[in-house]
Amino acid sequence: MNIIVLNGSPKGKTSVTLQYIHFLQKKFPEHSYEILHISKMIRKIENDEEYFGEILTKIADSEAVLWASPVYGFVIPSNYKRFIELINERDAKRYFHNKYTGFLSTSIHLFDHTAHNYMHSVCEDFGMNYVGSYSADMYDLLKAEERKNFIQFATSFFKTIEKRQITPRVFRRIDFNNMEYSPTPVNQQFELGNKNLLIVTDAEPMQSNLIKMTNRLQASFKGKTELVNLHNLKIKGSCLGCNQCTYDNKCVYEGKDEYIDFYNNKIISANILIIAGTIKDRYLSSLWKTFFDRSIFNGHLTLMLDKQVAYVISGPLSQIPNLRQILESYAQMANSNLVDIVTDEYENSSTIDNLLTKLAENIVTFDKENFIRPSTFLGVGGMKIFRDEVWGRFRFPFKAEHLIFKRHGFYDFPQNDFKVRIRNAIMLLLCKIPSFRKDLYANRLKDMMIKPFQKYL
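Each step along the sequence shown adds one to the number in my numbering, with nothing skipped, and position 262 is 536.
Take the hints with a grain of salt, since some may be wrong.
Label pairs and their computed distance ranges (CB to CB) [to be verified]: (1) TYR413 <-> ASN362: 52 to 62 Å; (2) PHE297 <-> THR639: 26 to 36 Å; (3) THR639 <-> ASN423: 24 to 34 Å; (4) GLU643 <-> ASP686: 16 to 26 Å; (5) THR331 <-> GLN426: 45 to 55 Å; (6) THR429 <-> ASN470: 55 to 65 Å; (7) ASP531 <-> GLU363: 23 to 33 Å; (8) LYS417 <-> PHE710: 19 to 29 Å.
With a cut-off of at most 30 Å between alpha-carbon atoms, the simulated DSSO-like pairs for lysine-lysine come out as follows [what the hints assert, rightly or not]: (9) LYS486 <-> LYS540; (10) LYS510 <-> LYS486; (11) LYS508 <-> LYS554; (12) LYS554 <-> LYS632; (13) LYS287 <-> LYS367; (14) LYS287 <-> LYS301.
Bear in mind the hints are in silico, worked out from the structure with no lab data behind them. Each residue gets a CB set at the ideal place from its N, CA and C atoms; glycine is no exception.
The task is simple: from the sequences and hints, build the whole structure.
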């Protein structure tokens, strides 16, 4: 079987993910594998149409396509995302149609599910037969049981393709006709006081809805506001995955473009951050993904840390719950307050006007009160995974991240609560007495659980 492997890691041959492909080559030598380093070669792919055509021809001649990538920021690296955009922009989906495919990722299992949902849905949009996915921890291949699991997945993957079996469709097709938004003049402004509000957008001239929404929202405030378009910011390249910044926050791009200065001088100082973008391929643009990926130089969480955050989105967000979850997770993981998300998915412009006005009002109100909405599982669960990894096996090389976690009190291990530990030890000992245990659980436990609330009621 002829398999094309599309490597999404910007590290190319030194990718951790690629080692899993080499393992497949060793265990299943009866198949041929051609590895294409998509992320590492994205500039050549983008600028050399002949080279892009050669890749498409190889995909067309293959029997299966295996996407393989690390998880970067809830999805995939920005260069990999750019490749998906090029396929759509150049009407090249036909080369993927009816091809059998799957997705292999390596990560620390931090929002790997949103990355898999994204890739699965994109493959279905390309008309591919999605066989399945495999989400490996970075170092699973070092464990005998995990190697066995991976072999079982690959065996099933190859068998499905060889038998030309039908694969189910999981994600609904997007059906969206953009209404042209015609805003009315702003008749109410909200006072920011001494607070700093920053709107960052990637709007292009043809994306009139996004431009009109951000302009109207900015006009709704009285005070210091700034709107910056990423297209006007010199960003030399995407995150290289080199990890040079993880020791002391020094990025390999330092002094070579405008990203770091903009981040340090504008993003960090903003009290309120509004992110505006148009949906492309079930996510935002690869430019936005580049912006998110590059923010790792200052720590994974500092982009939105402790801010009031809002999103202005042009596109069918309600049809892509995976993207909504990603946007919510960005905010919750950073202990910021997601005020709201406003889109242009409405039948009339007055509804959008009203939503933008309400958003502006809530931004000012919540900022004044320093309101941070409690996190759901997205923030709580995600932070626990990340906390444990930074504290443990990734203390090196993520020294800079470790210092951020210490400074902001993210190391909130429950085993450090000695009062609870002593209480648990005493109660577990007493519960060895059958009569005490029976009385406690039958007659007293419910009252004990609500007793601490009484002084507040």
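(message) Checking each numbered hint in turn, tell me which of them this model violates, lowest number first.
(response) Failing hints, ascending: 1, 2, 3, 5 and 8.
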